[in-house]
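2 protein chains.
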Amino acid sequence: MTRLKLFIANALLLTLLVGACTAARGPGPADPLPSWHEGATRQTILSFVADVSDPAHPDFVPAAERVAVFDNDGTLWSEKPTYFQLLFIFDRIRSMADAHPEWRSTQPLQAVLENDMEGLAAAGTEGLVTLAMTAQADLTTDEFAAMVADWTATAKHPVSGRPFTSMVFQPMLELLDYLRANGFSVYIVSGGGIDFMRPWVERVYGVPPENVIGSSPELRYDMRGEEPVIMRERAMHFINDKAGKPVGIQRFIGRRPILAAGNSDGDYEMLEWTTAGDGPRLGLLIHHTDAAREWAYDRESSEGRLDRALDAAPGYGWLVVDMTRDWAVVFPPP
Amino acid sequence: MTRLKLFIANALLLTLLVGACTAARGPGPADPLPSWHEGATRQTILSFVADVSDPAHPDFVPAAERVAVFDNDGTLWSEKPTYFQLLFIFDRIRSMADAHPEWRSTQPLQAVLENDMEGLAAAGTEGLVTLAMTAQADLTTDEFAAMVADWTATAKHPVSGRPFTSMVFQPMLELLDYLRANGFSVYIVSGGGIDFMRPWVERVYGVPPENVIGSSPELRYDMRGEEPVIMRERAMHFINDKAGKPVGIQRFIGRRPILAAGNSDGDYEMLEWTTAGDGPRLGLLIHHTDAAREWAYDRESSEGRLDRALDAAPGYGWLVVDMTRDWAVVFPPP
Chain V
1 MTRLKLFIAN
11 ALLLTLLVGA
21 CTAARGPGPA
31 DPLPSWHEGA
41 TRQTILSFVA
51 DVSDPAHPDF
61 VPAAERVAVF
71 DNDGTLWSEK
81 PTYFQLLFIF
91 DRIRSMADAH
101 PEWRSTQPLQ
111 AVLENDMEGL
121 AAAGTEGLVT
131 LAMTAQADLT
141 TDEFAAMVAD
151 WTATAKHPVS
161 GRPFTSMVFQ
171 PMLELLDYLR
181 ANGFSVYIVS
191 GGGIDFMRPW
201 VERVYGVPPE
211 NVIGSSPELR
221 YDMRGEEPVI
231 MRERAMHFIN
241 DKAGKPVGIQ
251 RFIGRRPILA
261 AGNSDGDYEM
271 LEWTTAGDGP
281 RLGLLIHHTD
291 AAREWAYDRE
301 SSEGRLDRAL
311 DAAPGYGWLV
321 VDMTRDWAVV
331 FPPP
Chain F
1 MTRLKLFIAN
11 ALLLTLLVGA
21 CTAARGPGPA
31 DPLPSWHEGA
41 TRQTILSFVA
51 DVSDPAHPDF
61 VPAAERVAVF
71 DNDGTLWSEK
81 PTYFQLLFIF
91 DRIRSMADAH
101 PEWRSTQPLQ
111 AVLENDMEGL
121 AAAGTEGLVT
131 LAMTAQADLT
141 TDEFAAMVAD
151 WTATAKHPVS
161 GRPFTSMVFQ
171 PMLELLDYLR
181 ANGFSVYIVS
191 GGGIDFMRPW
201 VERVYGVPPE
211 NVIGSSPELR
221 YDMRGEEPVI
231 MRERAMHFIN
241 DKAGKPVGIQ
251 RFIGRRPILA
261 AGNSDGDYEM
271 LEWTTAGDGP
281 RLGLLIHHTD
291 AAREWAYDRE
301 SSEGRLDRAL
311 DAAPGYGWLV
321 VDMTRDWAVV
331 FPPP
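Respectively, the protein sequence lines represent chains V and F.
Residues in the first sequence are numbered from 1 upward in steps of one, following this note's numbering.
Residues in the second sequence are numbered from 1 upward in steps of one, following this note's numbering.
Since the list gives no way to pick one copy over another, a pair counts as held whenever it fits inside one copy or between any two copies.
Straight-line distance between alpha carbons at most 25 Å, and here's what the computed SDA-like set of lysine to any residue pairs gives: (1) K242 with S216; (2) K242 with G254; (3) K80 with M147; (4) K242 with I253; (5) K80 with S35; (6) K242 with P228; (7) K242 with E226; (8) K242 with E218; (9) K242 with P314; (10) K242 with M223; (11) K242 with D138; (12) K242 with A137; (13) K80 with P163; (14) K242 with D142; (15) K242 with T140; (16) K242 with L87; (17) K242 with R224; (18) K242 with P209; (19) K242 with D222; (20) K242 with V229; (21) K242 with E227.
No wet-lab data here; the hints were simulated from the structure.
Could you build all of it, start to finish, from the sequences and the hints given here?
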């Protein structure tokens, strides 16, 4: 081989290696948030993420501490006409009703079977807990996961007619990806059931089951013949809402997040806990202002009521995301 | 520049890049378990990890499902003369005693202050819970973490005179590293307090706080003036022991592990749950057989009692690690 040929072979190998190393570092600088309109909201998010990820910036945060927490209902997916898990519970009660004729005259089950929304409202929180336990207890965790997977694969949203898992917010999907691409660990911190989310959030949000924090019933390890199972009991273990959210974060993560996103007063304490820490912090509140493309609601809503947190936002420096103003699209294309 | 000089420059750059790419891929195939003696135990571990990590092997398991869980007391560090957290609790009660003269005549506190081991034994489990609450409640989570960090930095083991965090098992440190190098997620699943472990396990075991599952008290989100805090309450929330271990695993991870390691009957259900799953599974039981280098105990011990699980091991195919036979060294060099 001549020196020239050696040189060319060498140069080719070099090119291949540079390519391999570049590929290992991930894609180049395309717009990470294409569904967010230009403006102060988008710019605040971009600057925050750039600063905490830049080792040369005074606000740099080591990757292990770049923890971001997201509420689910109303923050990552819609919550109207009511919480989607409640619609799952109603569907399941209807599917069980043939085996329980007594439910036709027992409240609040009767109200579900008769689609009696006033009767349901009258049953209050206690009635909802009864419905949740009836629909979701006395099952193994595997049985419950299979039911949720089946429901998310087949059930349709009553207004849009689309699968519930397509009623997620495209700008938020981009934000989750953008954070992960910048070394963040992304967690869901929801008042909803932890095992209602786990079967589908990895596929839909890219969040693995171990990064989901939610409400949970008592669980009991038991044997079915030779086979060990984990049973869902008829009692709550932990309600991951309001002041329960920072508690759930401490239990599961053991680190204080540097970014928290929510949309309701149920997220107040999570944002407060997150943004009260030292160093750079970002609190986001999604404000549902868009009746044309999604729903418009805040202070008077029974789902995702946003009142106290909206008043507190300026004082805490929480960034209020106005859905109409800030989002170029709401849902992913069908 | 002549072609020769260009060639040399190119070759140097190539060498640097090959070096950088190799470094990014991690070290070469050095022995991953140098502190494990050659033999069936070591070979079973090596084969299991190689098989589940090899996409061409029928036992291949995707990386996301390569979850490994480890008990702490007696599995990753020693638990004699008694559980180290209990020694922390005793130290803390002694340090608080001056402000509480009534403790000198109140059991079981008096027994701690007088080093009265018979009195402590007489106080039973209820007495221990009282001591744990006295020492570890009515503190913020940050205050408690600081106390634990201070204790692990200063306290000395009563027999070895070494820091408690150096009483860890070198062969197990190598196993944790080896598993992570092969794409496993490694969790600690301990009956000990979750927030007693988090301040030091990342430094000592390479396990981040979010991968620690343990027992925990009730927590309460509260305000101290303008500052939000999370308070440790005087009541237990969850005991992560025995049948609680698979429950804790389901709560925190939401996936069934494929490898579980323990050393006592408290780990029975965790190993049972892990190894009853489909596909390749490995259960490990550390048998403390080495009175010369560590301690020798099993069926009669009050710490780490290993009786029922030892009898069950052959039937379940759990691998019993004999400390004397299988470990070339026990503790890391000072």
